[in-house]
Amino acid sequence: MRPPPFQKVLVANRGEIAVRVIRACHELGVRTVAVYSEADRTALHVRNAGEAWLVGPAPSAESYLRSDVILDVAKRSGAQAIHPGYGFLSENADFARAVAGAGLVFIGPPADAIDAMGGKTRARQRMIAAGVPVVPGTSEAIETEAEALALAESFGFPVMLKAAAGGGGKGMRKIDRAEDFGSAWRSVRSEALKSFKDDAVYLEKFVADPKHIEIQVLADAHGTTVHLFERDCSVQRRNQKVVEETPCPVLPAATRDAMAKVAVQAAEAVGYVGAGTIEFLYSQATGDFYFLEMNTRLQVEHPITEMVTGVDLVRAQLRIAAGEKLWFSQADIKQTGHAIECRVYAEDPANNFAPAPGLISGLREPGGPWVRVDSGVYAGYEVPIHYDPMVAKLICWGADREEAISRSIRALREYRVRGIRTSIPFFSAILRDPDFVAGNYSTGFLSPSRLEELCAVSQTDEIATIAAALAQYERDTRPARAASATPTQSAWKRSGRPGGDS
Amino acid sequence: MRPPPFQKVLVANRGEIAVRVIRACHELGVRTVAVYSEADRTALHVRNAGEAWLVGPAPSAESYLRSDVILDVAKRSGAQAIHPGYGFLSENADFARAVAGAGLVFIGPPADAIDAMGGKTRARQRMIAAGVPVVPGTSEAIETEAEALALAESFGFPVMLKAAAGGGGKGMRKIDRAEDFGSAWRSVRSEALKSFKDDAVYLEKFVADPKHIEIQVLADAHGTTVHLFERDCSVQRRNQKVVEETPCPVLPAATRDAMAKVAVQAAEAVGYVGAGTIEFLYSQATGDFYFLEMNTRLQVEHPITEMVTGVDLVRAQLRIAAGEKLWFSQADIKQTGHAIECRVYAEDPANNFAPAPGLISGLREPGGPWVRVDSGVYAGYEVPIHYDPMVAKLICWGADREEAISRSIRALREYRVRGIRTSIPFFSAILRDPDFVAGNYSTGFLSPSRLEELCAVSQTDEIATIAAALAQYERDTRPARAASATPTQSAWKRSGRPGGDS
Amino acid sequence: MSTLRYTITVGGAPRSAVVSRDDDGHFRVVLDGVAHVVDLVRPTPDAFHMLIDGQSWEAGAAPREGGWLIDVLGLSAEVDVVDPRRAVVVRSAARGGKVISAQMPGRVVRVLVAVGDTVKKGQPLLVLEAMKMENELKAAGDGLVAELYVAEGQAVDLGARLVRFE
Amino acid sequence: MSTLRYTITVGGAPRSAVVSRDDDGHFRVVLDGVAHVVDLVRPTPDAFHMLIDGQSWEAGAAPREGGWLIDVLGLSAEVDVVDPRRAVVVRSAARGGKVISAQMPGRVVRVLVAVGDTVKKGQPLLVLEAMKMENELKAAGDGLVAELYVAEGQAVDLGARLVRFE
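Chains as they are written, first to last, in my numbering: chain R, 1 to 502; chain Z, 503 to 1004; chain S, 1005 to 1170; chain B, 1171 to 1336.
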């Protein structure tokens, strides 16, 4: 057996990603240190870890974000390295520096790479310098109409003209043709002056119906960077990814190759080491793609890449952090089959996705062939109100896209969560949506009207009626002693409206 | 989406394999009919199926083996086809004929192929005729010592000389060299005469330390047969497979190819259609392999082949049964990575593997990357005493064998079954055994002494002591009202001996 | 065995259900005149497994005021059940006025009104936070704040009373 | 908080345990003089999750006669616990004689002896069947069959009394 990359690693996170990292550590023979807040004593990552240390009260700012406390625990527990997961301290360059300063290993990129990709403007400039395509636009106000029109023509129509002081959709106009430029210029400036007392305007290329496509990269500390193909993350609600798949069902092979090449270029430009993701906007209309940002950490959706490439990204992170050279080349990495991830949120799709924390009274996760559940919960667990509502991820692989979709639907049908409401039924509706099935979707897919439509899908009223009749009959006919079950929920909720009155 | 191969399929089985088949049906858009005995009303396959029909009392002979009742249910429910799973009616040619006679489809090979492979002698003769190597031996008694010696020399030493009327290890002798032949011949014959009043003897080649290796085949009804590589099933206890892996860690590539070719030949010789398995004995010493038998059905261990080839064998069975041509060629099938299966039995390894049915009070199945659980049980389920003790299978894939082993050990560590005892801790010991890790094992691997050793492994006495101290303390300090928990088990069990007295 | 009659509503129009139990332990449910035979078991305390005319269905059933919260394939439905003999469903959480309840468990981060305030329809009343998401509760109509059940910083359960209007 | 002393045996030699509870709710377990601090929660009713000096361990604990059945990582251990003040563990399931119990739940398929029979050590007494496996129970010593608790065809639970000898 290979020697473990580290003797002991501290996992500075909670929930499913802490469980995921602990799994990889245990498989590599690495001992694990979990940290937990007062709200998380019973959390799954604490149950699964080798040891566990309390780091503070429930609010993240007082526990999972306390870099000083976490660093102290790392030193006292004898951990050699810290894995930050995603969120929390994962993209905090100061933390990465402090870890290194303490003589420990930060399992992530060098702090300078985090910094370089940290600010949108800074990252944009670095990428332009590295020859990476970004959404064309100006970062300073434009003085004259002629100058603006010339720029618009160089970007290609349509373009967006935006008031520098604007926001919230106000003071911006999409311009489709050069003929319309003059009037748009005048009206946006006068609107801007009226609304914001500032008529400075910017120009940006408008990307219609873009897809959100990202490329996974892995780089070792010896100068080798490879990519692991793309993920299509265009199914989003409020800029939150909901369903991801790989490969993208509509990306031409040549574009995929170009995008992957650019991603490697971007990572190399900032001296990247470890696992990272370059996000792009992709225009189906023009075939162009543009750098959006780089996530300098593991992504929530990393499992779908694992399923189609066979590469365990978390194991890879650990081995790379220990200084290993990449043990495969770009040519060795193949995309086989298709994988889809559904993020299971403790949210009620029938109630405007209101958070639904609480006690999971029963849980049966799906299983069988090519069904993977990365979960942070268990039957009997009380999902706390303090943290992110994502409680698990369902990942299904198939030999082709149709197999992956039908397997996901089958797995969702098996998935039983009792006690709290989740987004599970919502996913079944998405995966059956004709536009999704056709691969025909962009980031605008989950429009308000489609959301409403998808959430309304239900053909089980007949069954619910029978179940209620039987539940009531059983209660009405059972001996009096046991008949005093207390209502757990008041009737106002029936309306499905926030704050409905009764 | 492809049209479903059938509208509705009856699954004539129970437990994990019924659940497995139902999953494949649902993924293909096929409606499902479960059958169940009176002991199985709460079984998982009944919960997961589209509909369910009672077919008789608990004993298999009165329910799952009642081909007449099952066929009647198939007709009344409108099923177009019957999937028999493994065991029960799966290798019953008469049943296959009756299904076809009723105008329904038997999801398995033609009845004639079942017949041809049914009897050991018949199958052996068919295979010899088809040019498939079988263990050299005589099927009729040998008259003279000279004749016997000549045969022995043609087979190659060592050979086994066996009394025709013998059995149970009596009246047989292994002969290593020609020099020893005469004395062995005389003593086996005289022993045979004394013990069985019959001095007829047979001769068979002795295969030392064989491995049990099998080849998975798939054949369509249009004349195409392909193989999906091998499985090493040599870890056995009482001829029952315990752990299987693919690829075999020690099989030379040339032998694998030859074996696969012979397997396809064997299947073609009997006009095989569907999924089948050719079992071989493989001698590591000589490199020779010999046909053992063909299983004309799905195997328990089929998932490891699925994991390394990406081919869903149950989906394939359904599509082939519906008349589809194979949608891939031999060249398309690649062996990628490594997969291991552990069969989880409701048996107590610390108590001589005594059956351990009962209520599963708590269950947490492992998850995460490349961990697959094919289970027939759930938390709250009472494992009945009437059926096979195998309750689930844990299948782990890894990019290489080391990854597959370490992932399996990690998954076993996460696997929590409360209320009944299982073989789970036994597997962790097997997967850590140096001979297993080296790939150095044959069917004799689980010798009585090694079994004892593997079952004794336990370094958790300290933890158990602390847990017991706390459990007792909590009981002793809690208010009197609740302190009357009743013992669930008597102390005699401590001894671990069957029928120990107290 | 006893036969009971209910009026059951799941979102749409009320339906009539007549429930009885056969000698073999199976239930008979006649929904708007159509009879179904149901073989019911509880594989776990919180799950119903029903073979409805042979079809396999599973549901979670939790009691709530006025009926049941029924979960089928992950979809929760609030089902009202009325026993016509009693012909009454108590649905009001509080007498004398309208009460706003918490539509999610969480923490009250801000209370924006005080007892005695007059509020207009749509006016924000308080802000609840759960799972990093803030949710503003607005007045469903004009009224007078008669009672405040919660204070800033307080944790509340799903369905907890927050504000009463008059 | 109260301090209790136990003598605990897991297979090997008995060990002394002194258990108390700290003000912060943590337990202190002194095993043969070595102190451990344990933070104990029950994530589910049948599971103990212990942070023993910070190390994460999980165990199942079911009461049994004379102690506990403790399950750690799937390995079940029968742990005897003696409170020295009481200094007694009742371990005998029946008075006056030796009782053979069922080492697995199952069905009695054959009874091979009758009350009043004298049996020799190793003589088969009855055959239990579970999960397609037959298991013959043999006499552990010479004796007289004093009582038969089961009949052919009867289902028995794990640990059920089968035969009493004198």
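One should not assume that every hint holds.
Only some residues are given here: those of chain B computed to face chain Z with a beta carbon under 7 Å [unchecked claim]:
{"id": "1", "residue": "1229"}
{"id": "2", "residue": "1242"}
{"id": "3", "residue": "1274"}
{"id": "4", "residue": "1321"}
Think about it this way: if two alpha-carbon atoms lie no more than 16 Å apart in a straight line, the pair counts; the simulated EDC-like pairs of lysine to aspartate or glutamate are [to be verified]:
{"id": "5", "chain 1": "R", "residue 1": "170", "chain 2": "R", "residue 2": "198"}
{"id": "6", "chain 1": "R", "residue 1": "120", "chain 2": "R", "residue 2": "204"}
{"id": "7", "chain 1": "R", "residue 1": "334", "chain 2": "R", "residue 2": "388"}
{"id": "8", "chain 1": "R", "residue 1": "334", "chain 2": "Z", "residue 2": "834"}
{"id": "9", "chain 1": "B", "residue 1": "1268", "chain 2": "B", "residue 2": "1216"}
{"id": "10", "chain 1": "S", "residue 1": "1124", "chain 2": "S", "residue 2": "1138"}
{"id": "11", "chain 1": "R", "residue 1": "120", "chain 2": "R", "residue 2": "140"}
{"id": "12", "chain 1": "Z", "residue 1": "836", "chain 2": "Z", "residue 2": "890"}
{"id": "13", "chain 1": "S", "residue 1": "1136", "chain 2": "R", "residue 2": "62"}
{"id": "14", "chain 1": "S", "residue 1": "1136", "chain 2": "R", "residue 2": "388"}
{"id": "15", "chain 1": "Z", "residue 1": "836", "chain 2": "R", "residue 2": "140"}
{"id": "16", "chain 1": "B", "residue 1": "1302", "chain 2": "Z", "residue 2": "617"}
{"id": "17", "chain 1": "B", "residue 1": "1302", "chain 2": "Z", "residue 2": "564"}
{"id": "18", "chain 1": "S", "residue 1": "1102", "chain 2": "S", "residue 2": "1151"}
{"id": "19", "chain 1": "S", "residue 1": "1124", "chain 2": "S", "residue 2": "1050"}
{"id": "20", "chain 1": "R", "residue 1": "174", "chain 2": "R", "residue 2": "198"}
{"id": "21", "chain 1": "B", "residue 1": "1290", "chain 2": "B", "residue 2": "1253"}
Among the chain S residues that face chain Z by a calculated CB cut under 8 Å, a handful are [unchecked claim]:
{"id": "22", "residue": "1047"}
{"id": "23", "residue": "1048"}
{"id": "24", "residue": "1053"}
{"id": "25", "residue": "1060"}
{"id": "26", "residue": "1115"}
Rather than coming from a laboratory, the hints here were simulated on the basis of the structure. Heads up, the beta-carbon is just placed ideally off N, CA and C, and yes, glycines get one too.
Going down the list of hints, with the structure as the test:
Nearest Cβ of chain Z to the Cβ of residue 1229 of chain B: about 4 Å, under the 7 Å cut. The hint holds. A cut of 7 Å between beta carbons decides the hint on residue 1242 of chain B: the least distance to chain Z is about 4 Å, and the hint holds. Nearest Cβ of chain Z to the Cβ of residue 1274 of chain B: about 5 Å, under the 7 Å cut. The hint holds. A hinted interface residue such as residue 1321 of chain B counts as satisfied when its beta carbon comes closer than 7 Å to some beta carbon of chain Z; here the least separation is about 17 Å, so the hint is violated.
Proposed proximity of residue 170 of chain R and residue 198 of chain R is supported: the alpha carbons are some 13 Å apart, at most 16 Å. Taking the CA atoms of residue 120 of chain R and residue 204 of chain R, the gap is about 15 Å. The hint holds against a cut of 16 Å. Proposed proximity of residue 334 of chain R and residue 388 of chain R is contradicted: the alpha carbons are some 33 Å apart, above 16 Å. Our distance criterion of 16 Å between C-alpha atoms is met by residue 334 of chain R and residue 834 of chain Z, whose separation comes to about 14 Å.
In summary, the hint linking residue 1268 of chain B to residue 1216 of chain B is not supported, as the alpha carbons are separated by about 33 Å, beyond the 16 Å threshold. Taking the CA atoms of residue 1124 of chain S and residue 1138 of chain S, the gap is about 21 Å. The hint is violated against a cut of 16 Å. A threshold of 16 Å between alpha carbons decides the hint, and for residue 120 of chain R with residue 140 of chain R the separation of about 15 Å falls inside it, so the pair holds. Between residue 836 of chain Z and residue 890 of chain Z, the direct Cα distance comes to roughly 33 Å. Violation of the 16 Å bound is thereby established for this hinted pair.
Our distance criterion of 16 Å between C-alpha atoms is met by residue 1136 of chain S and residue 62 of chain R, whose separation comes to about 15 Å. At roughly 6 Å between alpha-carbon atoms, residue 1136 of chain S and residue 388 of chain R fall within 16 Å of each other, so this suggested pair holds. Of the pairs offered as hints, the one joining residue 836 of chain Z and residue 140 of chain R is violated, with about 55 Å between alpha carbons and a cut-off of 16 Å exceeded. Distance hint between residue 1302 of chain B and residue 617 of chain Z is unfulfilled; the C-alpha atoms sit about 26 Å from each other, more than 16 Å.
About 15 Å separates the Cα atoms of residue 1302 of chain B and residue 564 of chain Z, which keeps this hinted pair within 16 Å; it holds. Our distance criterion of 16 Å between C-alpha atoms is met by residue 1102 of chain S and residue 1151 of chain S, whose separation comes to about 10 Å. With a C-alpha separation of about 42 Å, the suggested pair residue 1124 of chain S and residue 1050 of chain S falls outside the 16 Å cut-off, and the hint is violated. Straight-line distance between C-alpha atoms of residue 174 of chain R and residue 198 of chain R comes to about 19 Å, which puts the hinted pair past the 16 Å bound.
The straight-line distance between the Cα atoms of residue 1290 of chain B and residue 1253 of chain B is roughly 38 Å, outside the 16 Å bound, and the hint therefore fails. Look at residue 1047 of chain S: its Cβ gets to within about 5 Å of chain Z, closer than 8 Å, so that hint holds up. Below 8 Å, beta-carbon pairs count as interface contacts, and residue 1048 of chain S has one with chain Z at about 4 Å; its hint therefore holds. For residue 1053 of chain S, the interface hint holds, since its Cβ comes within 8 Å of a Cβ in chain Z; the closest pair sits about 6 Å apart.
For residue 1060 of chain S, the suggested interface contact is upheld, since its CB lies about 5 Å from the closest CB of chain Z, less than 8 Å. The closest approach between the C-beta of residue 1115 of chain S and any C-beta of chain Z is roughly 40 Å, which is over the 8 Å cut-off, so the hint fails.
Going through the hint list in order, the structure does not satisfy hints 4, 7, 9, 10, 12, 15, 16, 19, 20, 21 and 26.
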